Structures are given as structure tokens and as C-alpha cells.
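There are 2 protein chains.
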Amino acid sequence: MGERSLSNSRSQVPYLHKVGVPPRQNLFKEFQATVKETFFSDDPLRSFKDQTKSRKFILGIEAIFPILSWGRNYTFKKFRGDLIAGLTIASLCIPQDIGYAKLANLDPQYGLYSSFVPPLIYAVMGSSRDIAIGPVAVVSLLLGTLLQNEIDPVANPTDYRRLAFTATFFAGITQAILGVFRLGFLIDFLSHAAIVGFMGGAAITIALQQLKGFLGIVKFTKKSDIISVMQSVFSSAHHGWNWQTIVIGASFLTFLLFAKHIGKNRKLFWVPAIAPLISVILATFFVYITRADKAGVAIVKHIDKGINPSSVKEIYWSGDYLGKGFRIGIVAGMIALTEAIAIGRTFASKKDYQIDGNKEMVALGAMNVVGSMTSCYVATGSFSRSAVNYMAGCETAVSNIVMSIVVFLTLLFITPLFQYTPNAILSAIIISAVINLVDYQAAILIWKIDKFDFVACMGAFFGVVFGSVEIGLLIAVSISFAKILLQVTRPRTAILGKIPRTTVYRNIQQYPEATKVPGVVIVRVDSAIYFSNSNYVKERILRWLMDEEEQIKGDYQTKIQFLIVEMSPVTDIDTSGIHALEELYKSLQKREIQLVLANPGSLVIDKLHTSNFADLLGENKIFLTVAEAVAYCYPKLAEDP
Amino acid sequence: MGERSLSNSRSQVPYLHKVGVPPRQNLFKEFQATVKETFFSDDPLRSFKDQTKSRKFILGIEAIFPILSWGRNYTFKKFRGDLIAGLTIASLCIPQDIGYAKLANLDPQYGLYSSFVPPLIYAVMGSSRDIAIGPVAVVSLLLGTLLQNEIDPVANPTDYRRLAFTATFFAGITQAILGVFRLGFLIDFLSHAAIVGFMGGAAITIALQQLKGFLGIVKFTKKSDIISVMQSVFSSAHHGWNWQTIVIGASFLTFLLFAKHIGKNRKLFWVPAIAPLISVILATFFVYITRADKAGVAIVKHIDKGINPSSVKEIYWSGDYLGKGFRIGIVAGMIALTEAIAIGRTFASKKDYQIDGNKEMVALGAMNVVGSMTSCYVATGSFSRSAVNYMAGCETAVSNIVMSIVVFLTLLFITPLFQYTPNAILSAIIISAVINLVDYQAAILIWKIDKFDFVACMGAFFGVVFGSVEIGLLIAVSISFAKILLQVTRPRTAILGKIPRTTVYRNIQQYPEATKVPGVVIVRVDSAIYFSNSNYVKERILRWLMDEEEQIKGDYQTKIQFLIVEMSPVTDIDTSGIHALEELYKSLQKREIQLVLANPGSLVIDKLHTSNFADLLGENKIFLTVAEAVAYCYPKLAEDP
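Just so you know, the sequences run in chain order A and B. The first sequence lines up with residues 1 to 641 when you count with the UniProt record's numbering. The second sequence lines up with residues 1 to 641 when you count with the UniProt record's numbering.
Please keep in mind that the hints were generated in silico from the structure rather than gathered at the bench. This one's a predicted model, so the numbers in the text were calculated from it and none came from an experiment. Don't take each hint at face value.
If chains are identical, the list can't say which one is meant, so a pair holds when it fits in one copy or spans any two.
[Stated by the list, open to error] Capping the alpha-carbon separation at 30 Å, the derived lysine-lysine pairs in BS3-like fashion look like this:
no.	residue 1	residue 2
1	590	351
2	313	260
3	586	350
4	516	621
5	590	267
I would like the entire structure built from these sequences, with the hints used as guidance.
Here's what the structure looks like:
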């Protein structure tokens, strides 16, 4: 049934349906609806509806600290999963933290500090169950590069560290503000393709930087582009490489990559997860026994014992560095946020639970603000550790607490043992960690799906590799914005034709079998008509008309008498758009062509009426469907010879 | 015929039509087409097709200097029109120029200089037939404000003037570059509403500034906001006002406004056009006779005789002021461009000829570059003088040449006579000229059509009036961009229902008579799905589903088994969009709801295939129309009790 009877009944009552004019909303309601859709599209207060005041208060507290809500249902069984996952990510994070701190030009203990306090804060405030919090490679590199532009970390380590805390503070403030003011959608402006390229480029850059530790080079460039690094590497090939270092580095890198290979078997995921810690223990022990450091193998040398000291007084609350820290913090905070939200969403969709992006930002922001006051630098969700966390069977954020406790114990008791850890092993760990960020499969898919996305991806990639992280980031953001601007200034338009034996009108380029109606040009505009494109739309429609007229001139076909604009995709129109329609109407009038509109949406038809354009055009020239509009034109055309 | 038979045949062959997959284009062609549509959407080389080389060369020269093309058909009859129009706008521009130069804190002769050289350049290069070139109020004010922030025009007039020429040079360069690289669409990013507000605010600010000359106040604030100005005015009410000045100003302002009123009769358009010059002559004569300047009536005092001296050496080619001039030039150049293009388009559509925006920009840019080297400041199209030009019957840009010659003669012979011109009369002329820029009718129309546009309009207006031109401009640009960003991040979605006795599915909010199909949720997404909105779209669709499920829970209706996404308005999709669809598909799978797509466009269906999403979904779940998709769902639902 259905289709058939519908069609029949349709043709019995041909032009019954007028284009609906929606009931007028009052201004306040309209405004409210838009604000709600923009900032509260996820309807965060849904659960607060129809509750008593005290209940609302409890719900409010629970919204800020989700642990109060899921903590009540916490079971021992869940704890078993969290314990194993927490221990696994702890063993992975400790060596990584030490390495990543070096990327940020900070002493190794600051990496560990950043894996102690922030995960605890996140555990009580965050809503993701799978994310593993701590320092990450890309943000460490970015922060290190940006800070280094302001202060030399070797000549002036104290000021450098103070600026790092200042930047961390403002990164946290930025994140929290975005969350509180529900501006989370701003991070959506960095396109997926640009992120893939940026991450890949950053990974290559980080890996190249590791050649310093890996080859035991002492004099190394401070620039991060591939050309400077390669020059550095080869110019020191003869006397700057240290073969003992290379042996240690290469053998453990082989071990780590092999472990990674084994880890592809999902049951053996823990092999690559604990391989780094095992490598560190073995290498440290080996260096300690053989005193290879005397033979020129660079080691960590010194690492502070004890937990995070307060750093409240180290943050610059005034002066020149306040502004610089502020700017660096915004950039680092946004990138950290992008990574954390992407991770949160990925794992939430795997386990099918919802993540509130804005709430998540508040949690991440709070954790970095507290972190900046407890000697931590910018922490966020780590993709590699979150994946391990997930595979190790974590159930809740308790796995972060477990990891945090392990790091705490490490800081209290074990850190002195790390002083004999060779830098080469840290480099090997970082290289094996970041190569996963080079997502060439994603790049291939992007190439297949969208060539312009691929240009964005490659632009960001080569920008990072041949320029610097900042240049790459700038390219990524610029290309993303250019795409958005292109989208709004140059909407697509299409000429429609009738699909044989239907009343359906479709793009004749997509459906070559579709036939044009003689004497009628049907144009579809594929976007809202706003000030940014109204002129283009008007001129493009006139150009379609000119093209059609030219074709007809050759064919001696019927003169064009009607222009139907199919407005289904035109979801909104503004004053500039109305002006453009008026101009189009006047131009057509001079050529003795009638303008006919098909299916304007509710907002559009409303504005056509209030602006009196509907009266100017004639109410009877606005139709529900293209088919009805054509039916209106057709009998008239028949009169013409 | 038509409709009926089509419908019948349609229902006989129900599911015949597959969604068309367009023929694959090769990458280069695809890229070429996009570049063409973005930068050459007006197809500027159309006339060059199939021509010999020498002909192409001539066409190229003519494209740069349109005067060569229209000059050949120039007749004496046209010249008569141009002569009258040119003389009329000359009489209007001379007093305005002197006043506007003061707005830019420059000596009066610089206003006249700017009405001599630029119109000549424009006449040979421009394509508008009606625009009148010269200094304009808003750009003069903007330039004056921006320059004043850098250099004090009273303490350091030489440097100030040099910076003004530097800014003019870069304004011209900016305009020319936008034209050459075909980036003209960038000026479309300033919305009509924001411009109306900005112009209105600037007009009020300019009028308020004239109170200084109008009331004969000596000590006057340098700020332009209404509060500072009013404080200045009232604090000098007791001893700072000069009654003779007020009498002169008020009587001539009355005369000018009366002339304007008479000018509403289209035949008497010349009355307000020559009234300013008559006022100047009368007032100057009166002051000269009565020596009212001795009684405290401020007069112009000094005005250089002779034509434009060269200013090539005055432009800052290096140093700190180069950068400042560059930045000021970009802003002033863009605003000047916006005004000129708006005027060009308005009058072109009145006389039904085409304006090539990009070519126009090159002409305006060239004229300002040459102007900056001949002691002119930023010139552009003046709305009031262009309107007079049009009404006086101008035929071509020759009217600008006529005006330019009159200004040339004035500079050579008459300028010394202006030294007794009272400032009050200039203030009166400026006030009567700018009040037309307060376009309250446009503001009312904007309020009626689009409330958010109205907010932008008022934001820009109050920003200028209570802040400064820069603040107003910043607000205008920010609101314009915010609207664009909102448009791409929060596309609209709608639930569709079947319109009774048709196969048409429409938004149930617009068509309350439309009925939902039980067990099926039909959602239409009203935008291309890009990285900037893919997450929102996915979550919004799931929220529609939740809403529907909640309703059904109450009604004990059929369980929802199908989600149809109507994709007609989805003109494009990128990798992030495909990811979002995949996530949607997985979420629905867990809830045992089938995802069905209706009418994806050519780009979308292509990408659905290359990304293998079409295979994942099942090729048979993509339909040409919503009706066919429902017909697919319906028999299945029937099996369910």
C-alpha cells in the first residue's frame, strides 16, 4: 500500500496545498530557541526538569562532580578492572612522562608531577570512563616550542619554568571558560583532516628530535624543521655520534617495536604497555653495572625526589610575561582540549555512552588550573595510554586514581633510581610511542573522500615538518577557516530536470536521464542565502539563465519564459538575501521572464511575507513542489507556438 | 496535462529509480572547476574565447581601460548629459570636500586635491557609469580617527599628513590586490545590516562633531563618543558658544534642509545639489562684508592655491610608520571599497548593466595609489553625489572628468576666495549631507525581517555612537563573522511528516497538517555536513529520536524501527561528516533501529561510496525520495503487530 494510493489521491487533487506559513513566534521565544540551540543543544538541564529544589541542588553538585553519581554504583568487580588498567597505564606513563618533560624543555620530575595531580582532579570531575590523563607528546612539543621562543630554557631555567606554569594556568582558564560559556563548539573549527596532518607532522618532528638522544649527539639544533635537524645529524656523523648510545637505543627500540607488533593480538595488549618500563629497568640496570655513562652514554643524571611542590607563587600574576603566558596558554589549551575531546568521544562511542563536551572542558580546565599551582604543566588525554586503559578493561575514572597513586609512590621512593636511565632509552620510548600518530591510513581515506581535505591535511603536515609546529598549526587553522568561508560564500547551485515517469526533479548532472522542461529553467540553490553569498547566488542564477538561453539559441527551441527557483535547501534568508531576490526579480522582469519559487522553508516564507517580497512576486507564484510550479508554467507555455 | 499523467505513470513503476552516481571527474578537472567557481564565478574570460591573438590583446587592454571600449560609441548627446551632471556634482563636491578634509584632520585643499586626480583615473579604468568619485564623510572620519591615534595632527601636521598619504597608498594597494587576486568576495563578509548600523552611527558621530563649528566652540574634545561630545558642548554653553556663528549656521542649515525637502520632487533634484555652493558663496560674501570673523566667527582662513603637488617623497617607505600606515590603509581601503561597490551595484541594477566587482577594485585601487602620490587622501564613491549624478542624467564616467576639470579650475583660480568662508557653513553642509546616512527605514525593515540582523545593526550603531568608529567597526565585523560561524556550526534540522493526499514530506512545524509515519522518524538535515557541524548533526539527530521515543512511550504506539535522514539539502560531506554518519549508524544499530537515507546529492553519494559507508549501510537503504524510503519501511512495519 502506501506509495500507490498516495500517488493516486495526489493526482486527483492537484494544486491543493499552499506553502505553509508557520505560526508567528514572539520575539523572545524565537531568541530563546536560537540561544538554546546554539549553546545548549545537548539540553543539559533535561534531568533538572520537574524536580524539587533540594533534588536540583544535589543534581547540580553531581553534574559538577560526576564521581558522586557513578561512585554510588561502584562495585568491587569494577574496581578489579580499574586496578589492572590503572597499573598498566602507570607502567606506561612513568617512562613517557620523563621523556615528554624533556620535549617541553622541563626537568624530568615535572612530567611525573603532571601525572599525579591532574588525573586525580579529572577523576572526580570528568565524565569519560576511558581517558588516561597526563602529559602528551604533541602538547609537550608545542608548549616547549612556544615557551622557547620567549625564554631560553638552558640559560634561564627558573623564568622558563615560571612561564610554563603561567601558560598552564591560562590553558586551564581557557578550557574552563569555553566549557562554562558553552563555547565548546569552537574546537569543532579545527577540521579532522587538519588534525590528522598536524598530528602526523608533530610525530615526525618529535621522532626527529629524538635522534639527539638516540645517536648521543651533544651539539644539536634548536630548530625543529626536518632540514635543520638532518643537517645537525649529518654534520656530527663523524665525531658526534656515540656508538654505545646507538647500540642501547637501537636494541631497545627494536624490542619496543617488536612488543608493539605482538600487541596487535588484542589478548596481548599488555606486552607493549609494560615493555617501556621493562626497557627502562633493564637499561638503567645495565648502565649502572657497566658505568656506560663514563663512556659517553648520556643519562638522566638528576631527578628530584618527593611530590609536587606548590607553584602558586611561581605563576606570573603581572608584568610582561603574564601576557605571553596568556597567549601561549590559549594555544596550548585549545590543542590539548581538541585532543582530549576527540579521545573522549571516540571511546564513548565505542562503549555507547554520552560525553558532555562542555562539562568535560570544565573538568579539564579545573585540572590544569590546579595543576599549574602544583608544579604541573599542561596535561590532557593521551591517545596511546587511553587505548591501553580501554583494552586493559578500565570501568571508570578510578583507573586514573590508581595510576596517580602509583606515580605518587614512584615520586616518593623510586625517582632516584632513574638517574642512571640512559636518555637513549627515553628517546626510543618516545619514538615508538609517537609513530602511531602518523595515521597514514586516515590520510589515504581522506584522499579518497575529499581532495580538499587532503590538501589541508598535507598542508598542516608539511608545515610542521618543514617549518615548525606553529606554522603547521597556523596552516591547519587557516585552511579549516578558508573551507568554512568558501562554503558560505560559494554555495552550490544546480539545474534540475524531470526524472522520467516521476514528478521528481533532480540535478541533471547527477541524473543524466533527467530532462529539462522546454521554456522553463529550474535552478536549485543549495544553501541559506545570507549577506556572504546573496550577490553570488543572484549572479549565478542569472548566469545559469544565460547559459540556457545560449543553448536554446542554437536549437531554435521555445524561448525561456519562466525561472523556477527550487528553495528546499534554502533554510534561511536575511535582509541581503531578500535584496538579492528583489534584484533578481527586477532583472528577470526586464527580460520578460517570470520568477517562480518552489518550496521555501518556514523561516524563508515568513521573511518573504514580512518584507513584502511575496506580494511583489505574487502569492500565486510560490508553490509547494517543483512539480506544481512546472504544472503552473506548462499550460501557459502551451499557448505559445 | 503534465502533473496528472506523470503521477499516474509514477505509481505504476514504484521503485525504479536509483540514486544517481555522477560520472567520476578526474582530480584536475574537479579542482579546476572549484577554482573557477570560487575566483572566476563571473567568467571574466568569456569574451576572449575563440578570438585571434591580436584581438585578445586589444580586448585585454580594453578590459583594463574600459574607456577605450565605450569611448568609441560616445556621442554628443551623451556628452550633454554628462556635462550637466558633472557641473552639478562639482558644485556639490567643492564645499563638501573642504569640510570632509577637516574630518580627516587635513587642510581644506587636500579635500579638493582628492576630487581632482582620483576621478580622472577612475574615468579611464572604472566600469560604473554613475558613481561620483571623491572624499566621503565616513572614510574621512575613519581615517582621521585612526591616524590621530598615531600622530597628533595639531602638534605634528607634517608627519600626520605623511602618514595619511602612506595609509592612502596602502589602501589603494589593498584594493588593487583584492581585485587582481579576485578576492572581491571578501567584502561580502560585512553584512548589509552591520553596514546600515555602522553608517548610521558614523553619520551621528560626524554630525555631533560638527557642533564644534556650528556653535563656534573653541575648546572641544578629541573623542568622538556622544557622551564626551555632549559634555564638551554643555560645559562651554555659558561662555564658549558664539551667537553670530550660531545664527549663520542655523539659518543656512534651515536653508539646506528646506532645499533637500524641495529636492524630493524628482524634477527639482538640482535644488539641493547646488544649495551648498550657493550657501558658501552667500555666507562667504556676508562674512567678508561684515568682517564677522572679528566678532569671533571662525573662518577657513587659509587655503592653498594651485593644483596637487607631488607627494611621492612624503610616503613613508620604511620605518615604524610604514607598518602603521599599512594597517590603517587596509582598514580604510576595505571600508572605502565596501561603499564604492555597494554604490556601483545599486546604480548598475537601476540601469540594468553589469559591474565586474574585481575589475572595479583594480580601478579604485589604482586611483588611490596614484592619489597617494599626488597629495590626495583616500577617495571612493560618494553615495549622495552619485545619486545626484544619476538624477542629473549622467551617461558615462565623463561626468567625473567634467567635475574634475571644474575642481581643477577652482584650485587654480578660486581657492583664495574661500578663506572668508565661515566654518559654521561647512558644518551645516556636512550635517545636511550625512543625515541621509541614518537609514532608519532600512533599520525598521531589518527589524521586521531578521531580528539577529537587527542586533548586528544596533551593535554597530551604538558601538560607533557610544564608543568610536573603530569599536563600531569591530562590532560590525565580529557580529557578521559570528553569524557565519553560527550558520556553519548549528545547521537546522527538522522532523518531516507526510502532507495529506500527496507523496510530499515536509517540516511538521511549517505544515501542521503533515502527519508522522508511525514507527518511522524522518529527519531532514539542512546543511552540508562538515567538520564544523558533523558532531552537532549526529547528536541532534539522536536527540530528535529520543524526543520521538519519549512521546511514543506515553502513547503506546509502534516502536520506532526506522530513521530516515532526508539529505536533499546536504550538498556536501567531508571526512568528519562520514565519521559522524558511521557513528550514527553504530548508535542506531545498538538500538535496533535501521538507518535509511533519502536523496543524497551527487557529491555526497560519491563520497558515501568511496568511503565504503554505502556498503556498510547497504546500497538498498538509499532512496531517491523520502516517499520511496517510507514505502520501503512501511510493509516491514506492517508485519509488526
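Hints and how they fare:
Taking the closest pair of Cα atoms, residue 590 and residue 351 come within 30 Å of each other only across two copies (10 Å); inside a single copy the shortest separation is 62 Å, beyond that limit. In this assembly of identical chains, the alpha carbons of residue 313 and residue 260 never lie at most 30 Å apart, being 43 Å within a copy and 68 Å across copies at closest. In the homo-oligomer, the alpha carbons of residue 586 and residue 350 lie at most 30 Å apart only across protomers (9 Å), although the nearest pairing inside one protomer, at 56 Å, exceeds that limit. Taking the shortest alpha-carbon separations for residue 516 and residue 621, both the intra-copy value of 20 Å and the inter-copy value of 28 Å come in at or below 30 Å.
For the identical chains of this complex, residue 590 and residue 267 are inter-copy neighbours only, at 25 Å across copies versus 75 Å inside a copy, given an alpha-carbon limit of 30 Å.
Checked against the numbered hints above, the structure violates only hint 2.
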